[in-house]
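Undergrad: Two chains, two frames, a set of hints: combine them into the complex.
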Amino acid sequence: MVIVVAECASGHLSQTSREAVAAARHLASDISLIVPAPAGADAIAEALQLPVAEVVALEHDAFAHPTAEVLATALAPLLAASDATHVLWAHTYQARDYVPRLSARLGRPLATDCVAIERTGDGVLFTRTIFHGRLVADVVLDGPGPHFVTTQIGAFRDTAPAAPAPAAPQLRHVAAEIPEAALQVRAEPPVRDVRQSTDLTQARRIVAVGRGIREESHLGLVRELAAALGAEIAASRPVCDAGWLPMDRQIGSSGQTVAPELYVAVGISGAIQHIVGMKGSKTIVAINRDPDAPIFEIADYGIVGDLFEVVPALTAALTSR
Amino acid sequence: MTQALERETLEVDVLIVGAGPAGLSAAIRLAQLQAAAGGDPLSIAVLEKGPEPGAHSLSGAVMDLSALGELFPDFEARGAPVGCRVTGDEVRFLTPARAWRLPITPPPLSNHGCAVVSLSDVVRWLAAQAEALGIDVFSGFPGSELIIDGTRVVGVRTGDRGLDRHRQPTALFEPGVDVRAAVTILCDGVRGNLTKTLVRRLDLDVDRQPQTYSLGIKELWETPAPKVPPGRVIHTVGYPLQTTEFGGAFIYGLPDNQVTIGLVTGLGPADPLFDPYHTFQRLKQHPFVADLLEGGTLLKYGAKALPEGGWYAIPRLAVDGALIAGDAGGFVNSLRLKGIHLAMRTGMLAAEAAFDAIRAGDTSRARLVRYEQQVRTGAVGRELFPVRNVHQAFDRGFFTGVAFAGLSMLTGGWWVRDPIPATAGHRRMRTVARVHGDPRRLEAALAPPPFDRRLTFDRLTAVHHSGTRHREDAPSHLIVHDTDICRTKCRIEYANPCTRYCPANVYEMVDDGAGGVRLQINASNCVHCKTCDIIDPYQIVDWVPPEGGDGPRFEGM
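Chains A and B, in that order, give the protein sequences.
First residue of the first sequence? That's 1 in my numbering, and the numbers climb one at a time after it.
First residue of the second sequence? That's 1001 in my numbering, and the numbers climb one at a time after it.
With the rest of the complex left out, here is chain B (with noise of 0.2 Å):
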């Protein structure tokens, strides 16, 4: 902004950004705290940037139920969305025409005392117990940017409203907030903008490997006869991905005849033709799901990426005044596909590192820093570090990766390298004519597969079921710092992957009426994965929050 504006500034004791299951349960254990230890109360705001808490929520998600039922023992009584526990595991190993079940399932992926929830509806109902405790959720308020002095975070400003295209004031123009806190704890989930600009500023993730991540497409189906029978966990690994792609395939059942399945691939394979939405919709087709779906209707899709770098991707967590947790921290178990838990966590002790903090008087590093103690020598640390090369060892390949997997079950996780090197997905890119060779190859290569609209469906009609909505006049929330290597350098090199990665339709080369093409970005699409921003080759792409409220209305998702 040019002109100079009087903000609100609003002064809290702890500011949690992000009313995720990391951001709820860390505000939860703060009004827990604050209610056993007496004394002055504490002000406790939760920003989140979606309409209503739990509308930016996505998983798939089998839940590990331990750290809610540290949060809340009696949250069954409570009535918590997380009724339908596992019934039944299996692992199928998917050719193209058979699905070959595996006579045993590998222990980690075994999820008995689990339940099949929908995420969305799991942080809905956080959420109001959150409120029940007298926390003020802000919903429809995105962290825009930090507020920082020198090494301190004090606050976050929250995003403008009312902006044109070109980020003028309309009628409509209301300033963001200045919402300052002696402690502000990041849970802006998985490649926060606010923690990535924390991270980067501060230096958090020297010396740590490059946070990996994967990108999770789902959606959830009606089907007209219960073939997923309500808890039934079916894991796929093989087909449609190559050896050389790490991911797999979730097939979950719920009650009321509904499933969930969805696909998560990894954001680095070397092809950058490789189209993680056809990808998924090639996995419908198979014989074994294409029976489970059949005569089924989409109710609903989404997408959201996850970070799997695990143990070593975890950057420095506390810094004077800000703490950070959840996916933003980049608590994931990619062995045994589970984060929820983790964020839950992490939120807590987060939360009862920022109470002691407050309560001593001193929220600088020195005084935080046992929050990274906590979660090393807790049940994170215990949980996450003897997992931690697994995922880097799928960086090799398929089969390397199970054959890490199983010899680490032995070895807790050692290895002759330790940590085996990683390398951030966007650099993993080789370009078309490395991948493909022969341009003819390319045409072959990009044609769309056939959409039948009864199982398989463009990605325009998928994004229609994630509900998103962004304010059309509104400025792009997607920066792309300079088009012109979209239309020259990346065309050539890449062929701009950024149209096939988006599972949203965002991007899109168009022609530019003088017989060359340009990029153009349909943002108002957009259902808040950060592909983009993760996988771009070049960097070049910012995912930034929009108007606050805008963006996908994910329910039982």
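Chain A with its partners taken away, still in its complex shape (with noise of 0.2 Å):
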């Protein structure tokens, strides 16, 4: 018998908890899948769909939001009475977190993120890529079973052997057994980071900024010519490299390349990065006090001046319309 451990996100099943059945069915028809999730999480019933001979309902509240700690606590107990030969996983942040612990408190030998699995005449071996993917290890497992295995992402996604369907899986509940030592550290419900990327290649119009600006505290003033002209704000390379605006606004060469229609650079003195980001802008309005600098070489129309006039005159003018 082979156990497949399953992860839930939101109470689901992950899909990524299907490739691990999948990749499970190259060592094993008879497969007993454990779904960690709180009693009644939907989960359960997506696992009765799956190619599996058992489906193990571990329950316990703690499972909505577990940390490594309530899963190895909870599990151990599970493997190690278990008489199955190999206990899969996914490789994915969960199992990278606590399977070690599991493999280490119970001494049991781990092969983690695997890309393939073959059976040999008396063992199995197990392909992993080392060396930052370069080359590709076969690993054999030895040691007291069952032996621990996390498998790639991705890897063993449409491969399960066409085995025969086996009949529909057997349910049987267990509550997990959880100490109060392991349930000390609580996990919070993740929280989505709602920072707005920026896709500056879709802006019609951009105004940015380099060092002329000399320092953060000024970029207020080319922030209101932004929304003056209804633009997006970006930036030449010194500018995000001081983090005075985020990285995904600098335009460049190690920066994003843009094209729209109106481009205004302020204090961008035009050094080679940064007009290979923006050459192909359709209008090209420059404002430098330096008269020699390249900017000029490529700009629609050009205003040597103090930047620190004569942004907030075109502001100005632009908002008395």
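Honestly, I wouldn't trust all of these hints.
Among the chain A residues that face chain B by a calculated CB cut under 8 Å, a handful are [to be verified]: (1) Phe131; (2) Arg134; (3) Glu215; (4) Leu219; (5) Leu221; (6) Pro246; (7) Ser253; (8) Ser254; (9) Gln256; (10) Ala271; (11) Ile272; (12) Gln273.
Residues from chain B that keep clear of chain A, each with C-beta distances beyond 10 Å, as calculated [to be verified]: (13) Pro1103; (14) Arg1161; (15) Phe1399; (16) Arg1434; (17) Asp1511; (18) Gly1513.
FYI, nobody ran anything at the bench for these hints, they're computed from the structure.
None of these values were measured; they are calculated from a predicted model.
Every residue, glycine too, gets a C-beta built ideally from N, C-alpha and C.
TA: Okay, structure coming up:
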């Protein structure tokens, strides 16, 4: 028998768990799928649709947002008492966090991030990539079973052998026993980072600011001009390098390449590294103190002057219309 | 790293660090020895920090083909990119307005039978030969630390990937890999970070002269008319350098109307305000040079330091479990201006010693030391020993150097003082006050030369033509151990020479918003020349390899 430990997200069975089941079918057709989830989760019904012999609903409220310690503590007695030859997980962030603990705690060997499984005469060969994917290593696990294996995400998508579909799986409910000590750390529900990602390539107008702005506190001037023009704000490397604007607003060879209808370059000298990122813009307006700045070679309109005078005047003229 | 990490480990028989001419010659020779001797196949791995072999290789270059012929007698049939043979040599002495041609070319600068090559192309070709022999070349894997057990080198740890600016792991984090080897051959190039560590740790330079360096800055141009025919080799001395400054220019004709032009300047002039990049731009404004480049286009740019110290500056080359070859060991003939063939030859000798040691089951220094003996008594020693004092003589001025170089051809390099003492470049730098006295002269000296953006360019534009790239949010690979020195002591004593010596605009002193200045390191501009590490007068700059694959993309260089 082979055990697969599933992973749930928001009460549903994750796609990676299906991949782990597909991987397990390379080892045996007799698969027991352990689903750690709060009682009544949809994941159990979803698990019953999979080609496994048995679904173990391992139930505890802490599985809604489990910590590594909760999972390791709940699974350890189950796996230790099992007569399975192997236990499989998908190589997810969660598995990376707690499977090594289980392996160490139970003294079972672990092969991580495997991309292929092959039965040989008397054993099983697990293939994993090493050296940042440049080499592949064949791993043979020995020592007392069950042996622990995590499988690379995407490696076992549709590769399950066409074994005869088993009968409908048996369902077994097990209440997880988790001592209070393992519950001292409680995980909050995950929060999603709502920061908008910036796709400057879609912007029709861009106001870009360079080193001429001198200080972060002066950026307001440029933001006002951008607002008056209905434009996105962007920057050349020194501004992003100083952390005054995020790196996804950098234009140039090490940032984004854009071609808006209007590109206003404020205090940008026009180093070639910047030019290559914006030279396709339809209309380029440059504001710079230095009449010899290379930016004027590609600008359609050039204003030689102090940006601290020119920019507010421009903003005022645009907003008074 | 503070947390315990699971690192991959790879075990090989021979690990070679650096897929340059030395490293690849070593790998190829090992495979050849293996094929000839039979027996258990050796596992050979080559680590390379660049995105592919050749991307970080740069040289003039006029190449002596003798070592290539020893490695592959049929190199022409194999299509080695060395087809542009030297058709003629000339040496010119430049004054600000004239270019006097020397009536005869000094014998060491006669390049009959050599080829004008792009080293990056030659290295790409060598890598293809190595891979055809079954050698694994791991590009994008810098050797970041030596793994040392007592006095024995047991392998190399490659660099971590996916760290943020503060060296904290990001979602892309992958720890480096430990490659363990019976013999490690360090071919990590001029001022190689691993060789530097090893030399210091095991005192391999005891009783040796300090290594001295030059900086070579090079551009590749395409010209409308073939002013410099393919195979034409021009060397110049004199302007724009002072007679107290070591160096000279090279101009080589290539096929397809391409011209290589470069300037080599000693890293160790007394004047802290010396600016190799600006000096190179001034060279192009000389009427003789400007005429050759007239109407042309700058295609590529790059820079690299080169070891000039010669015979007496070469460190001990064999330790328990490791050998040093190529530029890492300082194998350059500074009179002939050549080192590629010496890199290849020392790489091959290192391979022979490594092969012998592994077959004998003894990879201690006692066994590997035969490499040092082969270097000393063989072709490498026969070439370098007679010119052992020439570069040191040039330290005493250009004319002294020329006189000595001529004399040494009669005496076989002998001189009443042998070795002629040398001083490391960073120790020769004098303070601004001592060289320039009046601070008003300082401002004049620091004024930037005009860049016309046709013949002469600012540093940033030049850097663009090196193709260099580094992940912007990666940790800086230029480590300045005490930036307070930069804004206080160094600013006053030397006026921050890093800002002028760096040919890639990595170092800038910027307004700190509080009335002073602070050092800003634009690490992503770095072209991996190592000059800052070498010349910094306080020796507080450490060049370490950036994330694998980052750095210049030299092609045709």
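Undergrad: Identify every previously stated hint that the structure contradicts and give their numbers, smallest first.
TA: 4, 5, 6, 9, 14, 17 and 18
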